[in-house]
Amino acid sequence: MAAAEQKPLSNLPQLIPEAVFMEDVESFLQGRTAEEVLNELRGAHQKYKYIEAEIVQRKKRLSFKQPEIRKCLDAVTLLLAQQEAGEQTVLDFSLSDQVYARARLADVSSVNLWLGAGVMLEYSLEDAKELLVRQLEGCQQQLDVVQWEHLYIKDQLTTTEVSMARVYNWDVQQRRAGAAS
Amino acid sequence: MAAAVDVKLEDQQKINRFSRLNTRLHELEAQLAAKRSDAEDLEEAGNEVMLLDDETAPYVVGECLVHLPREQVEERLQTALDEAQEAIQKLEGDIRSIKGQMAELKTVLYAKFGNSINLEE
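Line by line, the protein sequences are chains A and B. Just so we're aligned: the first sequence equals residues 1 to 181 in my numbering. Just so we're aligned: the second sequence equals residues 182 to 302 in my numbering.
No lab work stands behind these hints: they were computed from the structure. From the three backbone atoms N, C-alpha and C, an ideal C-beta is built for every residue, glycine too. Fair warning: there could be bad hints in the mix.
[To be verified] Here are a few chain B residues that face chain A, going by a calculated C-beta distance under 7 Å:
#, residue
1, Val-188
2, Gln-193
3, Arg-201
4, Leu-206
5, His-207
6, Gly-243
7, Val-247
8, Gln-266
Could you build all of it, start to finish, from the sequences and the hints given here?
What follows is the structure, encoded as structure tokens:
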């Protein structure tokens, strides 16, 4: 997978320690009981799960944002094309959810972009387009990073899950051996 | 449950890889379903527009319905449909490749661990 191979722009590996792979269960335990180690692993698993949920949320938000930006870009591109052709645009715009009114647009040379935090700024059509294109790219980059982070955390989760199963199985075997002798 | 075979680092890496592929597979399948329904809608819209007698047809751009000449609407719909179909083909290809890799990993891992491993999808 390409996403897995690309170098991480993410600082997640610095924040989240990698799950340790245990070469050998017995030496990993170092005299501790299986129960203690299992609890530790369960704790780590829970933390990884929590982070995964957060990442999935962020991924959803970004995937939602992307089409929104594209919609804005489509509108600006259309205005640009109409301006170049010197045509007027007739359109129905929504006044409220189900109410539309007709408008004629001619000679539109600028649009107002909502920047968030209660700020709107007027841009020429060209500048608006450029800004939106940049935002779209930025969104895609962020998505790539989040995608990478998701896979990273998935690795840690899987490793921890396998470790838990191994400690558990090891413990069962020990008990069995103890009962047999 | 007789776990006679111990897990080596390379096995762990294979299992991780499988898990990654599985996550990705589910995502891609969701994307594919969404794209397919998009393509269906576009196709339907294209057919409807062809039946129109009007010179212009309202076409959604951003939040507005822009009245565009019919040919232009048809053109735009066709472009959107082509893009959707291209995306569908790419997704299908990716899914095929992921499924292939998963099948390979399954063979190897099941051969080693037998019943003590469960590779869910």
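Against the structure, the hints come out as follows:
Proximity of Val-188/B to chain A holds as hinted, the smallest CB-CB distance being about 6 Å (cut-off 7 Å). Checking Gln-193/B against chain A by beta carbon gives a least distance of about 5 Å; that is within 7 Å, so the hint holds. Here the hint on Arg-201/B is kept, as its CB sits about 5 Å from the closest CB of chain A, short of 7 Å. For Leu-206/B, the shortest C-beta to C-beta distance to chain A is roughly 11 Å, which exceeds 7 Å, and the interface hint is violated.
Hint status for His-207/B relative to chain A: violated, with the closest Cβ pair at about 12 Å, above 7 Å. A distance limit of 7 Å between C-beta atoms decides the matter here; for Gly-243/B the minimum to chain A is near 3 Å, and the interface restraint holds. Checking Val-247/B against chain A by beta carbon gives a least distance of about 4 Å; that is within 7 Å, so the hint holds. For Gln-266/B, the shortest C-beta to C-beta distance to chain A is roughly 18 Å, which exceeds 7 Å, and the interface hint is violated.
Hint check: violations occur at hints 4, 5 and 8; the rest are consistent with the structure.
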